[in-house]
Amino acid sequence: MAAAGARWNHVWVGTETGILKGVNLQRKQAANFTATGQPRREEAVSALCWGAGGETQILVGCADRTVRHFSTEEGVFQGQRHCPGGEGTFRGLAQVDGTVITCVDSGILRVWHDNDKEASSDPLLELRVGPGVCRMRQDPAHPHVVATGGKENALKVWDLQGSEEPVFRAKNVRNDWLDLRVPIWDQDIQFLPASQKLVTCTGYHQVRVYDPASPQRRPVLEATYGEYPLTAMTLTPGGNSVIVGNTHGQLAEIDLRQGRLVGCLKGLAGSVRGLQCHPSKPLLASCGLDRVLRVHRIRNPRGLEHKVYLKSQLNCLLLSGRDNWEDEPQEPQEPNKVPPEDTETDELWASLEAAAKRKLPDLEQTQRALQTRRRKKKRRGSTSP
Amino acid sequence: MAKTGDKSGGSGKKGLKRKAATEEPQEAAVAEDGATESGVQPPRAAAFPPGFSISEIKNKQRRHLMFTRWKQQQRKEKLAAKKKLKKEREALGDKAPPKPVPKTIDNQRVYDETTVDPNDEEVAYDEATDEFASYFNRQTSPKILITTSDRPHGRTVRLCEQLSTVIPNSHVYYRRGLALKKIIPQCISRDFTDLIVINEDRKTPNGLILSHLPNGPTAHFKMSSVRLRKEIKRRGKDPTEHIPEIILNNFTTRLGHSIGRMFASLFPHNPQFIGRQVATFHNQRDYIFFRFHRYIFKSEKKVGIQELGPRFTLKLRSLQKGTFDSKYGEYEWVHK
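Those protein sequence lines, which keep their order, are chains A and B.
The first sequence runs contiguously to residue 423 in the numbering used here.
The second sequence runs contiguously to residue 369 in the numbering used here.
Bound conformation, chain B alone (with noise of 0.2 angstroms):
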């Protein structure tokens, strides 16, 4: 330990200092027998006892040094590696393995077994027969009102004035501290298909509640990533009246099936395709990306959107059969 210590603390020079590093005590037998690889270094090889690893030197500034020069060896020893494999690919052509696929975590996943097959028949029975088969068989149209909790604050005003320019047919109402029981049926009175009410909390809107009418689900949602339209770089010009087609992206279960369908539920069936307007509610990894934009074709292949609208995040918290009823309703599916 005193040889090396004297080594470290004499040599101030890199090359020396990355030498006594090639030699750690996992190579320490390799150092001590192999008396022609230390040949082939210079003599002045320390040879670390074994056990040894960086993390024990009390000297940071030493430690630290030690640590960049293992660093930069490990890289140059993958760099060599990378460039070794890539000649021997080159050297084989066509009969080169095929490159493996990267792990990422969606690759890595447990494969579901509630994801639904479209061939399904007892699965198309029960969407066939939900509560939102009378939007899917035409014989309703989606009428929505959306509220906030009580006392909103700007934000959450604006939002809800921007949602309701975004999804037609709606009406944004002031919520004058009354309780939602109370104010389901006076709706479904009033023939309305959805409810939507904004929870706030310290001035910014983090939840959403999402009540299908008659006796249909109600999704509680966690809403993060809130932005309005003027804080949206780049966007287009507010939107129009036309009505939006719709993109659901990768809701393959069977509760994302149910999701799904209810925001769907949300827009009138007979998207106005000359508006070129699409809201977009993309799934990836149970969050839900709301966004809307204003598209127009370039050439066939090409196409420029424009951002409009509100943005935000959404997490579902629990699916509860039946309208709001968070104390007595019998849930579908709650979040664990």
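Bound-form chain A, shown alone (with noise of 0.2 angstroms):
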């Protein structure tokens, strides 16, 4: 039931000790998922993306270099396949056109052929993004072009299709103050839409827009908050702020246009690993190192709506962008036990034609007295129509 009832579930959560776990927050339960049927840590979760046709399929980056398709109709793993290749996590995963981008820790950033069939072929194409990547992520509006940013490894946007070389290389700010370089730690990214601009969040507690189309190579826009390392970030529906999360577990939506701080949201008592926004409603979905997964409202009013214990250490998260959120029509029963009815009355006409030799046109007469006497009980039913 868990397996059948999996496509309605609203978040997916992907933990530390490899089980897929998926989330209904309208009949409040949570079913885990897991490749070989026993939690792994070898297999903990570090990156989830939708995979090809829309919400059908996701694709479970885990800490062995392999990439699992998960159906979520049927809610069983359907295959996987290995990318080897640098050293580390995955830190970004995505897929575009039958192909699934996989970039590692070290640097290694490399398009695999997403076919099931062929086993461990070489990567189409290979990009060395320098070492330290803490974030790769792929632009909604153009699935070819993908940012990658880290640890004083500086914000670079790539074209797939296009050449090797990065389309837009971030020049980090000014010097401080005190004329020392300012460090470079850059946790997470996100495309703005509508727009080419590109926001960034850093370790050193610091939120930037990035603009390629403007001549300047420099933030555009820089804001602060807290004094923990931002750890994960995600993008607002209305599309003019975004809410950053870090360490402590304390949530901040901030507006981009001006560069302030909007409010927070309290609850988590953990590291934030994973947030995500609904595209149309506002609601927003966060996990952590907490091992709780909450879904807070973000407006009129601020809120917690759901919070979900789940046992495991939660890495990241995935909810579902559908409009509908009601609890499907529970399935009828009875389509289930017909079927089973029917094959055990034709074992029992098997059996009897075998034992009493009788023609087929004889079977389908009795057959269809016996469905005759069967509906009408009381009488004795003749054996012709």
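Here are the simulated lysine to aspartate or glutamate pairs, EDC-like style, with alpha carbons at most 20 angstroms apart: (1) B:K354 x A:E265; (2) B:K354 x A:E80; (3) A:K319 x A:E343; (4) B:K360 x A:E265; (5) A:K304 x A:E343; (6) A:K345 x B:D145; (7) B:K215 x B:D183; (8) B:K111 x B:E121; (9) B:K369 x B:E146; (10) A:K66 x B:E146; (11) B:K369 x B:D319; (12) A:K304 x B:D145; (13) A:K304 x B:E146; (14) B:K360 x A:E190; (15) A:K189 x A:E260; (16) A:K66 x B:D145; (17) A:K189 x B:D358; (18) B:K348 x B:D319; (19) B:K369 x A:E265; (20) A:K235 x A:E260; (21) B:K331 x B:E278; (22) A:K66 x B:E155; (23) A:K345 x B:E146; (24) A:K66 x B:D153; (25) A:K235 x A:D177.
Pairwise CB distance ranges, derived in the manner of DEER restraints: (26) A:T74 x B:D183: 46 to 52 angstroms; (27) B:N152 x A:R255: 56 to 62 angstroms; (28) A:L299 x B:R95: 55 to 61 angstroms; (29) A:D214 x B:D234: 29 to 35 angstroms; (30) A:N362 x B:G84: 57 to 63 angstroms; (31) A:K345 x B:E89: 44 to 50 angstroms; (32) A:K189 x B:F330: 57 to 63 angstroms.
One side only, chain A facing chain B, incomplete, derived with CB under 7 angstroms: (33) P77; (34) R79; (35) P267; (36) H286; (37) A307; (38) L327; (39) D328; (40) Y347.
To be clear, the hints were calculated from the coordinates, so they are not data collected in a lab.
All residues carry an ideal CB built from backbone N, CA and C; glycine is no exception.
Could you fit the two chains together into a complex? Lean on the hints.
Set out below in structure tokens:
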């Protein structure tokens, strides 16, 4: 039943123990899905993204460098492919046109053909992005454009169909008031819709907006929040603000037009690992090291909607972007029951036929007669209709 | 009001005042209407205007008197009600309804959904593969480094010494102003499994940082109520070198399990029962009480205990994943 209802789950969460959890907020249930049936720490989920074909498939990037395909319709893992090369875990996973883009910690970005039948084929494309990558994000508007950034690895925007050089390479801000170089640590990147701009949040509690269209390679806007590294970021439905989370579990909404703090969200007690907003509803899903998935409402009124305790540390999440969040109607039980009955009667008749050695038309007559006899229990039906 | 004023002022006797108090404005209607009631009581019973309360009397002495009268009467009524209930229970005998359970803070608490179910496989797997797994699999035995914040005063130094007698295989080192982040790689290279740092403020220890070493979690506690050995009354002689047993009470939630395992991994796995020493970490309402006792069984059911060793109370402030890195580390739990 858990597998059958998997398509109606609202949030998919990956954990450090290798379990993919599907959470249905309407029914307040969480279901565990594992590839091997047992949790394994080697398969810790480090990246999640939607697969091809709407929201029917999920690509799960695990710590043992395999990308597994999970079908939400059936609720089973369908296949996997091993993506070697470089060191470290996956920092970004994306899919475009039947190919899978992966980026690992040491900076190797590879594009693989998404075909299970070919066993570990060579990558279609390989790029070296620079060591210490913390995030690779795909532009939802232009699937061939990806951005990467990390610790001492400035933001770079790559066009996978273009040349081997990045399309946009960000420049560090000027030296600070003590004339010291400001360190770089881009933890999360988002593409702003309806423009070419990008937003990054850094481990030095800064939120920066870059505009490749403008002549300056330095950030166009910089805002700071808190004193702790910002670990995750997501765009709000309006498109004017972002919500960031830091290692202390503080969530804040920052308006990008002015660079000011709009408000905070309370509740998380551990480091925020995954954040995602719904594309149209004012809902925010957040997960972190305190093992709880929370769904907040961002405006009117701002507050906590759902809280689900999931027993393992949560690494990343995917929020279903569908508009209809109501629970599906309960599957009717009758269609399940009728076929077994028919097979039983067929077997009965097959055995009777063998015993009585009757011809087919007689068999049909008797079948019909029996059915009529079944319906009209009280009357003794005659053999011929 | 004049009438009542006269009554209270005129008769200084308790009896009359009590009767005046009994006909307070809540029963003013009764006093005014019920001729029978006023007939039973002396006819000089005052009728207070409705909405009158004792606190409105301006004269402090009179107000105090009126209040004490009222309190005594309330107490009498309560006692009478109790006696009546007791009589009813005795009269009913076996058929009496069961006694209601008194409400306590622990009773009224909302059930914590993170309480660990002993049969839970996911949590069992999580614990079997976490950073303490090597200790619980008997692959490593603990080796503790105890140190303080820089330039400790006498109390803190003595606490460290006493702690090192309580925790077997522990070493106290003077913190020469070294940064923790530099101490930790050195500890790891010398095979230490845990680091305890006692923080001091104004000559008293007030904080404890417990860091499990290879790459384990770091817990930061607030320490209070520290009592050194000489401050403990009726204590036993100093603890021996035997490895103590450990008692961990009430570490039921998932966070509690992590902290409980952290404490358990400080002590070697093989308690020497000959030593009859036990270290207790008792968690109650998020405060962890540490006690160190020596016990002796006088008979099957009766035990005598002597408190040895230091005693302190801890409250968790944060649990950070990874070794000590307060600025850039990721926190599993922060007290908010």
